[in-house]
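Note that the protein sequences, when read in sequence, are chains F and Z. Counting from 10, one number per residue, gives the positions in the first sequence under this note's numbering. Counting from 10, one number per residue, gives the positions in the second sequence under this note's numbering.
Careful: at least some of the hints might be erroneous.
Which copy is meant is left open, so a pair is good if it fits within one copy or across any two.
As the list claims (entries may be wrong) - Dumping the calculated DSS-like pairs for lysine-lysine here, alpha-carbon to alpha-carbon at most 30 Å:
{"hint": "1", "residue 1": "K262", "residue 2": "K37"}
{"hint": "2", "residue 1": "K327", "residue 2": "K102"}
{"hint": "3", "residue 1": "K284", "residue 2": "K83"}
{"hint": "4", "residue 1": "K83", "residue 2": "K18"}
{"hint": "5", "residue 1": "K384", "residue 2": "K18"}
By construction, these hints were calculated from the structure, which means they are not laboratory data.
Protein chains: 2
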Amino acid sequence: MPQLIPKVKGTRDFYPEDWAYQKWLCEKFIGVGNLFGYREYESTILEYMALYLGKSSEEIVTQQTFTLSDRDDKQLVMRPELTPTLARMVAQKEGELTFPIRWQSYGRFFRYERPQRGRGRSFFQWNIDALGSDSYLADAEIITIACTLFKHLDLSTQHATIRVNDRQGLENLIAKELALPPENIRPVLGAIDRIDKMPEEKFRIHLADDLDLSTDQIDTLYEILQTADLTFSPWLQRIFEQLDKNGVIEFVKLDLKIVRGFDYYTRTVFEAWAKTSLRRALFGGGRYDNLTRQVGGKRQVPGVGFAVGDMAITELLKEIDIYPQLETPGARVFVTIFSEDLLTQSSSFAEKLRQEGIATELHLIPGQRLDRQFKYADRQNIPFAAVIGPDEASANTVVLKDLKARAQQIFSQNDLCAIKTTLKNGITQA
Amino acid sequence: MPQLIPKVKGTRDFYPEDWAYQKWLCEKFIGVGNLFGYREYESTILEYMALYLGKSSEEIVTQQTFTLSDRDDKQLVMRPELTPTLARMVAQKEGELTFPIRWQSYGRFFRYERPQRGRGRSFFQWNIDALGSDSYLADAEIITIACTLFKHLDLSTQHATIRVNDRQGLENLIAKELALPPENIRPVLGAIDRIDKMPEEKFRIHLADDLDLSTDQIDTLYEILQTADLTFSPWLQRIFEQLDKNGVIEFVKLDLKIVRGFDYYTRTVFEAWAKTSLRRALFGGGRYDNLTRQVGGKRQVPGVGFAVGDMAITELLKEIDIYPQLETPGARVFVTIFSEDLLTQSSSFAEKLRQEGIATELHLIPGQRLDRQFKYADRQNIPFAAVIGPDEASANTVVLKDLKARAQQIFSQNDLCAIKTTLKNGITQA
C-alpha cells in the first residue's frame, strides 16, 4: 500500500477551522486599511530575479528565495516580498495614476527559511503603502495605521511597541561623529542590523576586525545608538508630533539600532516588536524614495509602507491568549431524509430555503437512520435540522428542530417568513 | 537608465479596479458554496511531484507544471490543480473528520501553458467538493451547484450548458459493443478526450492506426458517442431525475464524448461549455472514488466536485456584456488641509471620523491649493471632501462638500451623528 504523500516541509494546510482564523486576520488587516482609504490590489506571484537584485534584502534574495527557470532560461522567483512588485506596477502606470495613491494587498509569499516558531516557507502578508507623497505626514499616517492595527487586534502597549528610526539621520550622525568617508557608512549600517544577534563583546570584535573601526569609534557608535533624543532628526520630530496628535504616541519609541536589512529604504524605518516572551520583530516598514526608478520607472515616486506576515502576529495572539475562537461558517439548516420515498419532499424544501438565501445542507446518505442524521448535523455545528416524515409530507408541513436548545416546532412548508424568523432567533423550549 | 523590469509572461497584475472584479467573482463563487453549506479551506501552493503522478492529467503533469527542487533535491510543483491536495488533506485526517464533508476553496494555481484568450500561466480557481458520500445525490448536488453559479452570474441556458457523462457506463458500453478487452478501453477513452480537437477523418485514422480498431468498431464507437438516451446508465438516470427536481435540468444534457483528461475520475464526469462564439469548456468536474487511497490514505473516501478557473468565465461575461462595472472601495471622505497651521484641526477631525468607522483620507501634500485637493478627491472617486479653514477652526465647525452634487453644508465638528447621516445620504443642492 502506498505511503501517505506528505505536505512540503515548512508549508501549511488550512482546514476549515484554520482558514476561518486566516480570514478573520485578513479582514482585520483590510478593515484597518479601508478605514484610511487604502484600496486593494494584487499581483503575480512569479517575478524575474532582476526585480529584487540590489534592491531588496541581500539575505532574502541570495539565500531565501524559491527560484525556478522558465523555458527561455530566465530565472523566476516566487515572490518573497511585495514592495519591488508594487514599485514595478506603479512605474508601469506612472503616467496614468493620480498620486498620491494609497494601496493595500493581502496575499501569499515564499521564503526558503528554516521553519521555526512564527516563521514558515509559505506565509501570508499584508502590505500597505502610500506612494507619491514626500511629506512626513505620509510616514506618520503609515505608523498610525500600524498602531491602529494593534488596537483592532486588542494589543496594548504592554504587548507590542514600534521602534522608529531615521536611517538618513543616523548615516549623517555616523559620518560626522565617527569621521567616516561616505563609502564606509553602509557597511556600518549593515553591521547595526545584526547587533541584536550577538553579544556586545563579539560585536565589538566584528566592528574592529571587519570594518576597521577604532576603539574610540566603536565607543562613539555605541553612544550614538543609545540616543533617546530626537534633535538629530527634525524629520522624525515632525513625525512624532503628528503621532502624538493621532493619539498613538504611547506605542512608539525612538531606536537608532533599527536600520532594516532592505537596501531600498531611504529615510524612516521602523519595526514592531513583541514585548512578551516572544521578543521578536512582528513586522517592519519604512520610506523608499527611489524604488520606482530602481525598477526602471522614469519618474521618482516616493513611497512609504510596511508589511505584516501572518505567522509572528499569530504567535503573539496565541501567547497572550487572545487568539479568537471562531466557528467555521457552515449551513444554518440540515434537511434530513426521512426515507427514500420522501426524498423529493426534502430536496424540494432544501431548494426552497436556498432560494430564500438560507444556507442549507441536504443529507447525502439516503437510508441512514434519523438519529444518526441528527448526530451528524450536531457534529458539523449546524444549528437546525428539518424533518419531513409521512405525516408532514401529507400535511405539507415540516418539523424544525433546534439542535442546541433541544426544542422543536412544526411549520407549514410555505410559511417561509415564520421559518426564517425561527432560524434566526431559535426555538424556545416548549 | 535601467529598462523597466517587465512582469513575467502569462501572469497578471491586478490594479485596484481589476482586483475589485476579482473579489466580486470570488464572492459569487463562495456565496454559492455557502448557500449549500460548503466550508472554506486552503492549502499550501507547493506540493511534491509524487502527489500528481499517475493521478492527474498527464498533459498537465508532464508538460504544464512549474517545477523547482528543494534543497534535498525533491521535485516540487506549484500546484496546477487542487483535487490531489484535497485528497491528501482528507487522507491526513481521515480518522478525525465527520463525513460527508462539504468543502470549498478559492486560490491561486499555476500551469505552464501558452498564454491565450481565457488562459494564463497563473490563475485563480474555485474548487467545491463533497467527500464521503457514494450516493448519486452528491453528484446531483454538485451539478446543481454549477447551475446555481450560472444563475448567480446571470448566465442563462442561452449562454452555457453542462455536458454530463458516466465514464463507467461508457466503458461498459465500449467493452460490450466493441468487444474490447479491459486493458484496451482506457486508450479509447483517452482518444475520445481529443475527439473535438481534430476532424472526423483524421480521428478515424488515429483510431485505426494507433488503437487498432476496425472500421466496424469505429462506426460502432461513433454510434455510441451519439447516444442521447440515458438507459445505458441507471446512475445518470437518477442524477438527471434529481436535477429535474432541483429545477436546473434545462442547463444539463447528456454527452458521451465528455470523458475528462484526469485519471482520477471514476464515474460521473461533466464539463460546462459556453454556447457563445467562445465555444470552449468553462470548467469541469466529476466523481473520484479512489483518490484518497491513491495518495496514500488508508480509507476509501468517495468524492465528487468541480473547479472553475477565473479566466474563461471572465471571457464569457465580457463577451455577452455582463462584466460588472465596479467601483474600487476607497474612502468616503477626503479631509483637506487648508494651510499648514490648520493641519492639526484637519488631522484630528480625520481621526475622529475613523473612530466612528468612517473610511477617511487625510491629504498627504501640505501646502497644495484647495482646488487641486478637490480635484484629486474627485479623481479618486471619493464622494465627500471636508474643509476646516480659519473660520471653521475658530468656530469648531467643518464644511462638508458633496463632490458629485456640487453642494455643501456646515456642521459642528462634534455633531458626528448629523455628519454620519449626511455622509450616508448626500447633500441636497442648496
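How would you label the pair K327, K102 (within, between, both, or neither) given a Cα cut-off of 30 Å?
between (41 Å within a copy, 24 Å between copies)
At most 30 Å between alpha carbons: which applies to K384 and K18, within, between, both or neither?
neither (36 Å within a copy, 52 Å between copies)
Intra- versus inter-copy proximity for K37 and K262 (alpha-carbon distance at most 30 Å):
within (24 Å within a copy, 45 Å between copies)
Intra/inter-copy verdict for K83 and K18 if alpha-carbon distance must be at most 30 Å:
Both ways: K83 and K18 sit 26 Å apart in one copy and 11 Å across, limit 30 Å.
Status of K83 relative to K284 across identical chains (alpha carbons, at most 30 Å)
neither (44 Å within a copy, 39 Å between copies)
Hint check: violations occur at hints 3 and 5; the rest are consistent with the structure.
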